[in-house]
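Novice: Here is what each chain is made of, one letter per residue.
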Amino acid sequence: MRVTFTVNGREETAEDVWEGESLLYVLRERLGLPGSKNACEQGECGSCTVYLDDAPVCACLVAAGQAQGRRVRTVEGLAERGLDPVQEAFVESGAVQCGFCTPGLVVQAHDLLERVERPSDAEIREALAGNLCRCTGYEKILDAVKLAAERKAAAR
Amino acid sequence: MEFLRPTTWAEALAAKADQPDAVPLQGGTDVMVEINFSVRRPPALLDLTAVPELATWSRDGDRYRIGAAVPYSTIIAELGGALPGLAQAARTVGSPQIRNRGSVGGNLGAASPAGDSHPPLLAAGAAVEVESRERGLRTIPAEEFYLGVKRSALLPDELIKAVRVERAAGPQYFAKVGTRNAMVIAVCSFAVALHPGERRVGTGLGSAAPTPRRALEAEEFLAAELDWSAPLEPALLARFGELCASAAAPIDDVRGTADYRRHAIAVLARRTLTWAWQDHLERRAA
Ligand SMILES: Cc1cc2nc3c(=O)[nH]c(=O)nc-3n(C[C@H](O)[C@H](O)[C@H](O)COP(=O)(O)OP(=O)(O)OC[C@H]3O[C@@H](n4cnc5c(N)ncnc54)[C@H](O)[C@@H]3O)c2cc1C
Ligand code: FES
Ligand code: FES
Numbered sequence: 001m002r003v004t005f006t007v008n009g010r011e012e013t014a015e016d017v018w019e020g021e022s023l024l025y026v027l028r029e030r031l032g033l034p035g036s037k038n039a040c041e042q043g044e045c046g047s048c049t050v051y052l053d054d055a056p057v058c059a060c061l062v063a064a065g066q067a068q069g070r071r072v073r074t075v076e077g078l079a080e081r082g083l084d085p086v087q088e089a090f091v092e093s094g095a096v097q098c099g100f101c102t103p104g105l106v107v108q109a110h111d112l113l114e115r116v117e118r119p120s121d122a123e124i125r126e127a128l129a130g131n132l133c134r135c136t137g138y139e140k141i142l143d144a145v146k147l148a149a150e151r152k153a154a155a156r
Numbered sequence: 157m158e159f160l161r162p163t164t165w166a167e168a169l170a171a172k173a174d175q176p177d178a179v180p181l182q183g184g185t186d187v188m189v190e191i192n193f194s195v196r197r198p199p200a201l202l203d204l205t206a207v208p209e210l211a212t213w214s215r216d217g218d219r220y221r222i223g224a225a226v227p228y229s230t231i232i233a234e235l236g237g238a239l240p241g242l243a244q245a246a247r248t249v250g251s252p253q254i255r256n257r258g259s260v261g262g263n264l265g266a267a268s269p270a271g272d273s274h275p276p277l278l279a280a281g282a283a284v285e286v287e288s289r290e291r292g293l294r295t296i297p298a299e300e301f302y303l304g305v306k307r308s309a310l311l312p313d314e315l316i317k318a319v320r321v322e323r324a325a326g327p328q329y330f331a332k333v334g335t336r337n338a339m340v341i342a343v344c345s346f347a348v349a350l351h352p353g354e355r356r357v358g359t360g361l362g363s364a365a366p367t368p369r370r371a372l373e374a375e376e377f378l379a380a381e382l383d384w385s386a387p388l389e390p391a392l393l394a395r396f397g398e399l400c401a402s403a404a405a406p407i408d409d410v411r412g413t414a415d416y417r418r419h420a421i422a423v424l425a426r427r428t429l430t431w432a433w434q435d436h437l438e439r440r441a442a
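Residue numbers (our numbering), protein chains in the order written: chain E, 1 to 156; chain F, 157 to 442.
List of simulated lysine to any residue pairs, SDA-like, C-alpha gap at most 25 Å:
1) Lys146/E x Ala338/F
2) Lys140/E x Arg336/F
3) Lys146/E x Asn337/F
4) Lys140/E x Pro119/E
5) Lys306/F x Gln42/E
6) Lys306/F x Leu372/F
7) Lys306/F x Glu44/E
8) Lys146/E x Ser229/F
9) Lys306/F x Cys40/E
10) Lys140/E x Ala338/F
11) Lys140/E x Met339/F
12) Lys152/E x Gly35/E
13) Lys146/E x Arg336/F
14) Lys140/E x Asn337/F
15) Lys140/E x Gly99/E
FRET-style restraints, in silico, Cβ to Cβ:
16) Arg355/F x Gln97/E: 56 to 62 Å
17) Ala170/F x Glu150/E: 53 to 59 Å
18) Asp177/F x Gly69/E: 24 to 30 Å
19) Leu372/F x Arg134/E: 42 to 48 Å
20) Ala166/F x Arg118/E: 43 to 49 Å
21) Glu381/F x Arg151/E: 56 to 62 Å
22) Glu114/E x Asn337/F: 22 to 28 Å
23) Ser385/F x Gly69/E: 54 to 60 Å
24) Arg81/E x Ala325/F: 48 to 54 Å
25) Arg151/E x Ala170/F: 48 to 54 Å
In silico negatives: residues of chain E with every beta carbon more than 12 Å from chain F:
26) Asn8
27) Arg10
28) Gly32
29) Leu33
30) Ala79
31) Arg81
32) Gly82
33) Glu88
34) Val91
35) Glu92
36) Gln97
37) Gly99
38) Phe100
39) Ser120
40) Arg151
Hints listed in this document are in silico derivations from the structure and should not be mistaken for laboratory results.
In this text the structure is predicted, and so the values were computed from the model without any measurement.
We treat Cβ as the ideally placed atom computed from N, Cα and C, and that holds for glycine.
Just need the whole structure built from these sequences, with the hints factored in.
Specialist: What follows is the structure, given as structure tokens:
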């Protein structure tokens, strides 16, 4: 089947999509957007997190056909005018080691900071509870989110 | 495989009637896992996310109607005051990403004994609206909905339309045992709902029997013995816990043993009733 939706502000069409295919597969394998990662394909790790309309979701659990006519924003889309403050803060805080979890964490943290200007540690942990990282031990990720929050607040 | 995407409820019912083996798809948090792992290869997926009324909730006085596809995140954000038990359960589901997609309708469709919506729906006395093209709408009380492990009263040509729940008339609590605070399937869970007007306490057990179920004997015991103007007596509380545990018919599995589950149900039952009773007495005093 054919699926048309908006990705990072541009309308895209994927052809020959298998009916059971995930949005994640379409983004990575058909639209050339490998930012969102495929690690578990069962909603457990969060490394495939993208915005669907305005809510962050696991792209591995969205059927491609469900994205028809909707808006998707991936980690690539956050960097369209230079890196987003969340992305910069991840780099500067040492929150990236192997990097596999990073795109999902960046999108999820971005959503948190859109909703909560100065999240507490508890709020950050709760918001990132569905994103697994096997390298960093999470402390630097918390630092990165707090740094990004400060910078975003200062820029407001 | 076919991908069916009705945009009206009538079209959705027609699709299900014409193709009863089409698998309904909402948040996909159960269905897509099975597709990704080739556990399921249905002849068709019936995507219901383009049917607008399934994604909204409404109220008529104290009666709330939650469309089958309303995500947990909406229940948490908008219905915590009216339906505290269900909202508490919703907060414990998966992760934020899962709660943005997963729905009560999908939880009912999956009918897993571990589904977190079920205990609060049972305790509150909720009902499930289902519909087919041939026979129209019928309303199934939650306690009659669950028939076995992952089996429900839903017929092959029917779809779940909504759940109906009354605004909480008294305090409600949900508690769940798991290995951590996020992303866990319940080892067991428990919900309590006070119905002060009827001098009745509703219960719901999760992950403690082949189906979610009420602890009927425990409810009858409280209806007979509870003094609604006094503090809870320790002996009564203990007996309530025992009766809730004896309503369970748990199994040993990787998440816990049957004995542990029975024990944990008694603890959760006492704990949630204690919380609810404290709120109840505070409200009386206020
Ligand atoms: C990482 C992860 C964590 C999870 N954690 C929890 C948890 O903590 N607690 C919990 O209870 N569950 C949990 N789940 C399971 C799942 O999220 C829930 O069961 C959720 O409620 C399913 O809703 P959905 O809209 O995504 O359903 P879907 O996957 O779209 O559908 C689920 C089932 O219901 C059927 N169905 C859907 N809509 C209808 C309808 N309108 N009419 C008839 N049948 C229908 C489908 O055919 C399917 O059989 C988790 C899942 C994942 C992947
Ligand atoms: S790949 Fe989607 S959650 Fe892990
Ligand atoms: S940096 Fe390697 S998984 Fe997080």
